[in-house]
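A.B. asks: Here is what each chain is made of, one letter per residue.
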Amino acid sequence: MFARSPSELNLPLMESRQALDHHFASGHPDAMRAAFELHGSLVHSLCRRTVNEHLAKDITQEVFIAAWKNRDRYDPTKGALAGWLVGICRHKLIDMLRRESRHVTAEPVEAVHARSISVTNLADRMLLDDALATLPDRARNMVQLAFLHDLTHEQIAEQTSTPLGTVKSDIRRGLERLRHHLERQDG
Amino acid sequence: MDSFEQHLRDVLPQLTQADHARVEPPSALWSAIEAAIDTKRVDTIDIHRRTRRWFATVGVAAAVVLGLGAGVFATRPSSGPIEVASVRVSSDGLPGAPVGLASVARFTEKNSARTLILDTSDVPVPRGEYLELWLIDTNVDKMVSLGAARPDGRYSIPAGINLADYPVVDVSAEPLDGNPKHSGASLLRGIVTV
Chain F
0 MFARSPSELN LPLMESRQAL DHHFASGHPD AMRAAFELHG SLVHSLCRRT
50 VNEHLAKDIT QEVFIAAWKN RDRYDPTKGA LAGWLVGICR HKLIDMLRRE
100 SRHVTAEPVE AVHARSISVT NLADRMLLDD ALATLPDRAR NMVQLAFLHD
150 LTHEQIAEQT STPLGTVKSD IRRGLERLRH HLERQDG
Chain Z
0 MDSFEQHLRD VLPQLTQADH ARVEPPSALW SAIEAAIDTK RVDTIDIHRR
50 TRRWFATVGV AAAVVLGLGA GVFATRPSSG PIEVASVRVS SDGLPGAPVG
100 LASVARFTEK NSARTLILDT SDVPVPRGEY LELWLIDTNV DKMVSLGAAR
150 PDGRYSIPAG INLADYPVVD VSAEPLDGNP KHSGASLLRG IVTV
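Protein sequence lines correspond, in order, to chains F and Z. Note that the first sequence covers residues 0 to 186 in numbering that gives the first Met the number 0. Note that the second sequence covers residues 0 to 193 in numbering that gives the first Met the number 0.
Check each hint, because a few of them may be wrong.
What the hints assert, rightly or not - Under the rule of at most 27 Å between Cα atoms (straight-line distance), these lysine-lysine pairs were calculated in the DSS-like manner:
(1) Z:K141 to Z:K180
(2) F:K91 to F:K68
(3) F:K68 to Z:K180
(4) F:K91 to F:K77
(5) Z:K141 to F:K68
Stated by the list, open to error - Listed next, the stretches of chain Z that the computed footprint assigns to chain F, with coverage defined by at least 3 CB atoms under 8 Å from CB atoms of chain F:
(6) 12–21
(7) 174–187
As the list claims (entries may be wrong) - With the Cβ distance kept under 10 Å, some of the chain F side facing chain Z (calculated, not the full set):
(8) D74
(9) M125
(10) R178
Calculated directly from the structure, the hints in this document are not laboratory data. Note that the structure is predicted; figures quoted are calculated from it, not measured. We put the CB at the ideal spot given by N, CA and C, even for glycine.
Based on the sequences and whatever the hints tell you, model everything.
C.D. replies: Here's what the structure looks like:
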């Protein structure tokens, strides 16, 4: 059965997460609780940065209920549960902004469109941050040196006094994990 | 450079400390979610939907089924059991199942007693769960449990079950929740065809 707190889940993080993703997809009764424990703060934080406290609570709730009810459409071999939840959350936030503009604020279409894009960008950033946190420190460092600071593999090996082969395999594995975590499954 | 690496190059420089900050959801939120969904109820629609999708994936919806059991092989005066059919079972096309699992299920018959032989010792059992074997019809309306996985890999098929009506061999992971229905989490499956 699943650990009841995120800290317990953190130990063999990747293994736990992958197992959780599979159990979620197959409807394991404990998987929903574990998913909420692990990803509730990501989803809720994304909502809180977009809408007020009251709406954030409602949308977070809707996201988890929708994810559970539509788990048939989630394929854990294609992407992580975090990406699936953030994808649902993004849709719900954008829907909400559109509804609000129609009925309350009467914003011009362009303004709503711009806000939708900024929700998408925010979702991308928070999901990437979440994905980076799952990498071991060394791999995270190397990915950042390569993709943020544009260093070559050779330069990273030299700077970090790490064998070139290790740099390459760290980056390759790091990218695989990030890719899996960020995979969009919009249902 | 592929589009994912480009995405990484685009988004990484934009990350701020605020993107790292997390606001925990209100503590009452879980109760509200739990009340709205019933995680304890195993949705039998799940297995139906999933299995139909599996049929579509593996492309055997219109498969012709062997005329198994029901007297076809029962009259042979052999002393040992006769193998009447075999089928490859695998995790192909089963969402959530580990990739690359495969085995062979064999049906034998001796003096009208039919046995399914399937070694599941290589199938990883999720923690806190057990494996269960099933025979399922092609419409996924009816299924027969052959019981929990056994170390000897031998399962008696109840008399009166016409195998042609239940050609799908299925191994599922079942939580220890006392619910006798199929969990929907299949790990191996195959269909007896000509």
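A.B. asks: All hints are to be evaluated individually against the structure, with a verdict given for each.
C.D. replies: How the hints compare with the structure:
For the proposed pair K141 (chain Z) and K180 (chain Z), the alpha carbon gap of about 11 Å is at most 27 Å, so the pair holds. Between the alpha carbons of K91 (chain F) and K68 (chain F) the distance comes to roughly 15 Å, so the proposed pair stays at or under 27 Å and holds. At roughly 19 Å between alpha-carbon atoms, K68 (chain F) and K180 (chain Z) fall within 27 Å of each other, so this suggested pair holds. Distance restraint check for K91 (chain F) and K77 (chain F): the Cα-Cα separation of roughly 22 Å lies within the 27 Å cut-off, and the hinted pair is therefore satisfied.
Restraint check for K141 (chain Z) and K68 (chain F): satisfied, since their Cα atoms lie roughly 24 Å apart, inside the 27 Å limit. Counting residues of the region 12–21 of chain Z whose C-beta lies closer than 8 Å to any C-beta of chain F gives 9; at least three are required, and the coverage claim holds. A stretch counts as covered by a chain when three or more of its residues have a beta carbon under 8 Å from one of that chain; for the region 174–187 of chain Z and chain F the count is 5, and the coverage holds. Look at D74 (chain F): its Cβ gets to within about 5 Å of chain Z, closer than 10 Å, so that hint holds up.
The restraint placing M125 (chain F) at the interface with chain Z holds, with a minimum CB-CB distance near 5 Å, inside the 10 Å limit. Because the smallest distance between the Cβ of R178 (chain F) and any Cβ of chain Z comes to about 5 Å, under 10 Å, the interface hint for this residue holds.
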